[in-house]
Every structure is written in C-alpha cells, then in structure tokens.
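Visitor: Sequence:
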Amino acid sequence: MQNRVVYFSIFALLIFKLIAIYLTQFSLYGDEAQYWLWSKSPDLGYFSKPPLLAWFLSLHTFFLGDSFFSIKIFPVLIYLFISFGVYKLCIGLSLSKNNSVLCSGSFLLIPAASLSSFLVSTDLLLLLFWSFAMAKLLEMRANHSTLNFFLLGFFLGLAFLAKYAAVYFFIGLLLLIVIDKKTLNIFKKNPFKVFIFLTTFIFIIFPNIYWNFNNGWITFSHTSDNANLQNLNFNFFKPLEFIMAQILMVGPVLVFSFIFLFKYFYLDCENKFLLTFSIPIILIVLVESFLVRANANWAAPALISVFILLFRLVIIKNIKLIKINYVFNYSIAIFLFGLIMASSNLKLFDRINGINNFTKEILNIVNQKDLVISDRILFSNISYEIRMGANNIYMPHKKNTRITNHFQMKSALNINQADDFYLIGELSDISYLLKKHQTILIKEFDVSFSSSKLKLYEVNFK
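Going by my numbering, the letters in the sequence shown line up with residues 1 to 462, in that order.
Since the hints were made in silico from the structure, they are not lab data. Some hints here could point you the wrong way.
[To be verified] So the derived label-pair ranges between C-beta atoms look like this:
1) M388 / L174: 48 to 58 Å
2) N356 / A418: 23 to 33 Å
3) F84 / Q25: 25 to 35 Å
[Stated by the list, open to error] Derived EDC-like pairs: lysine to aspartate or glutamate, alpha-carbon spacing no greater than 20 Å straight-line:
4) K455 / E444
5) K443 / E361
6) K453 / D350
7) K347 / D31
8) K455 / D420
9) K398 / E444
10) K88 / E270
11) K399 / D375
12) K410 / D43
13) K369 / D429
14) K272 / E288
15) K443 / D370
It should be emphasised that the depicted structure is a prediction, and the values quoted were computed from it without experimental measurement. Built from N, CA and C at the ideal position, the CB exists for glycine as well.
Given only the sequences and the hints, what does the whole structure look like? Please build it.
Guide: Written as structure tokens, this is what we have:
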C-alpha cells in the first residue's frame, strides 16, 4: 500500500511538472543557455566546468530537439535516475525495500530537488554518479569483486567529469578507511583491485586533464578562483545563511523531526558511513563561507547523505513525521511548479522572466546584422532565443588579455572587425577595435532580468 502511494504521487507530480514546463512563459536561465551552447560544440573541456553535462545535453537534444520543453525535461528525467541511486544506497544501508522506496520518493520531494529539477546544472550528473559511487562502495563491503572496484572508479570518474566537487568523495573515502577497519582491510588486502579502481578513474578523467593541459589549466584556475583565499572577507553571518539554506534544502520538517528525536541517534556502521560523506563537505564549505564566500549548492553531494541519515532515524522512531514531511514537501513542490506554470512575476523568477520578449524587440531593430554582447549570461540567453536566426553573435575580448568566460575564447570579437554590428554593453568594451567607427545609442532597456539598464548601440565603420 505504502509503495503504491509513493509511486502514484510521484507519477502525478511528474505529470504536473511536465504540464507546468509546457505552459510556462519563462525562458532558460543564463547558465542553462550556456550549457546548451556548449552542447552544440562538444569538447573535452570548457572554461568554467568539466564537459560531461554538455555531452549528455548534446545526446539529449540530438534525440529530443532544442525546444524549451525538451531542455527543461532533462533535469526532471535525471532526477528519476538519481532517486534510483538513492534507492540502491538505502538498500545498501540496510533499509527495507518499502522504506527504501519511501526514502527515494521522499528525496525527490525535498525543496532542493524540486527546485533543481527545473534547472539544468552540473549538480544533476554529480549527484547521479555520486549516489551510484556511494552505493557501489557499500556493495564492496560484501563483494570485493574486480568489477565492483572498476565500477567505483567508473562512477567516480564520471562524477568528476560532471563537477570537480567530486573530489570530496576521496576525502570521505580516506576518512572511512581511517575509522572503519572493514573498509581498510578491503583496500589493504586487494592492491591490484585498488590499482584497477584508480586506473579506471584516471582513464575516465584523462581527456579533461589533457584539454586543461592544452588550455593553460584554465578550468582548474577558474575553480580555484571561486575559493580565492587571497580575498579574505570574514563574515559571521554567511555561515549562518549557509546552514539555514541547507535546512531549507533538505526540508525543515525532517530536520526538526531529527532534532526532536536526536536522543535516539547512535553511531552504527551505516551512520558513520553517511557522516564521512557529509560532515567533511559541509565543514569545508562552511569555513569557506566564513573566509570568502560560498553558494548553498557547493555542498550538494552532502545532501544525499544528510537526508538519508535523518530519514533513517525518523522513520524508525516516528513514521508519522516522515508522512508529514512527505506531504509538506509535496505541497511545496506543487506550489513551486504552480508558480512556474503561471509564469509568476515574483522576484524569485526575475532572471528567467521577459528574456524572450526582449530578444524579439532586439531582433526587430537589428534584423540580420551581427550582435556583440558583453555579458556572458545575456550572450547565452540571446544565442538560445535566436538559435534559428542568421545573426552572428560575438563577445568583446582583446587577444592576450585575461579570459573570464568560455565565449571570450570561442566567440571573441576580432580586433580588426570591419563589418557593422549592434552592441549590447558599454562602449568601453569595444575600445580595443583598430578600425575607426561611430556609435549611436539606440535604446536603453530597463528589464527585470538585469540589475542595470541594458544599452543597445549601433556601431558603424567608416
């Protein structure tokens, strides 16, 4: 009975999500449009991220097309596979099949999953292969086969190609080896299989390493810049914001239920396993939020372990709280996608609201002339919106100066540009052009998706 309720409710929510995606007037978020652009030119690496998401999107759009609906169902579908990974992980953690189904279904409903199932992001594939790697590591405790060592390296390699945050897995693994004698013995007594695991991992990630080597390690440099300790900015409130964000992402009902029942918590083997793959990540990002900055999703892999840790205790001691949590999070998901269906004007959606109308107005002015766009997000959005058009789109960038995004590498406006174009940006952005030109301010746009007014210039060469 319990399983049927879970299956039916998740199926109903899936249908509701698809209807909301089909009916909404929202546009792609800028990063989503960027990933779509990357997928049109599959490569071994990109400026700010490893390549796996672009590869998957390329395959997805090859079969299902480039429409907004097609791209937006990608994260919905991936989350179904993530929930399967959570199910396998729960089985490995000694939960019953019924409780594992309820756990995986409940995971699909946490606010973080509801929100990110509407967004194409690198976290999707990271969570997918992270969950598979964790489940495989648990399986290795009972089955030390060479195949399992190979699959652990395979899944972990793919997680790394999705997002470099997969390196946290090695921290958790090393900690587990230190505190768990059985895991230590598995790796200590099977040196050849450990070699297979590491060789497989290196083989999977090697193409991206090779690409970075040929491009001045640009992706690794960008990633390290995100945690640049040279720009220390001590802030006692940011860690609190981060903790509050994690509570909201997992779901307040489950979190406070766990706190209420904490006196029953004990450190069995399963809970130690979950803590090793969550606490180090959360602590690292927490410290980072205090020293520099940190986004809530930087600790995304930890959410799987944290959620299951909380779920295991609460379902044993008070299943009614699990049901309340399920209904509460389900209601949040329905409410969120109801807002999406209605194309809500809430500030939450400002960055994906009105982009298509803005693009139409721009096209009415520029016709088929080339466009030069200074902002990465806007460059991506407009490139997607006019994907069927004849306009070429470039980004200002003077050769041999610092690169700040992928399009400055691949779509830079040449210093010897001689054809007329329209610029969305500041005139200083094109000051490096050699040929004389005159500029006319055509219009300033005050739009919700930009924090400042957007200026459209006509640029003519003499």
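Visitor: Indicate, hint by hint, whether the structure satisfies it.
Guide: Quick rundown of the hints versus the structure:
| no. | hint | result |
| --- | --- | --- |
| 1 | M388 / L174: 48 to 58 Å | holds, 50 Å |
| 2 | N356 / A418: 23 to 33 Å | holds, 32 Å |
| 3 | F84 / Q25: 25 to 35 Å | holds, 32 Å |
| 4 | K455 / E444 | holds, 5 Å |
| 5 | K443 / E361 | holds, 11 Å |
| 6 | K453 / D350 | holds, 14 Å |
| 7 | K347 / D31 | holds, 18 Å |
| 8 | K455 / D420 | holds, 17 Å |
| 9 | K398 / E444 | violated, 25 Å |
| 10 | K88 / E270 | holds, 14 Å |
| 11 | K399 / D375 | holds, 17 Å |
| 12 | K410 / D43 | holds, 12 Å |
| 13 | K369 / D429 | holds, 19 Å |
| 14 | K272 / E288 | violated, 24 Å |
| 15 | K443 / D370 | holds, 17 Å |
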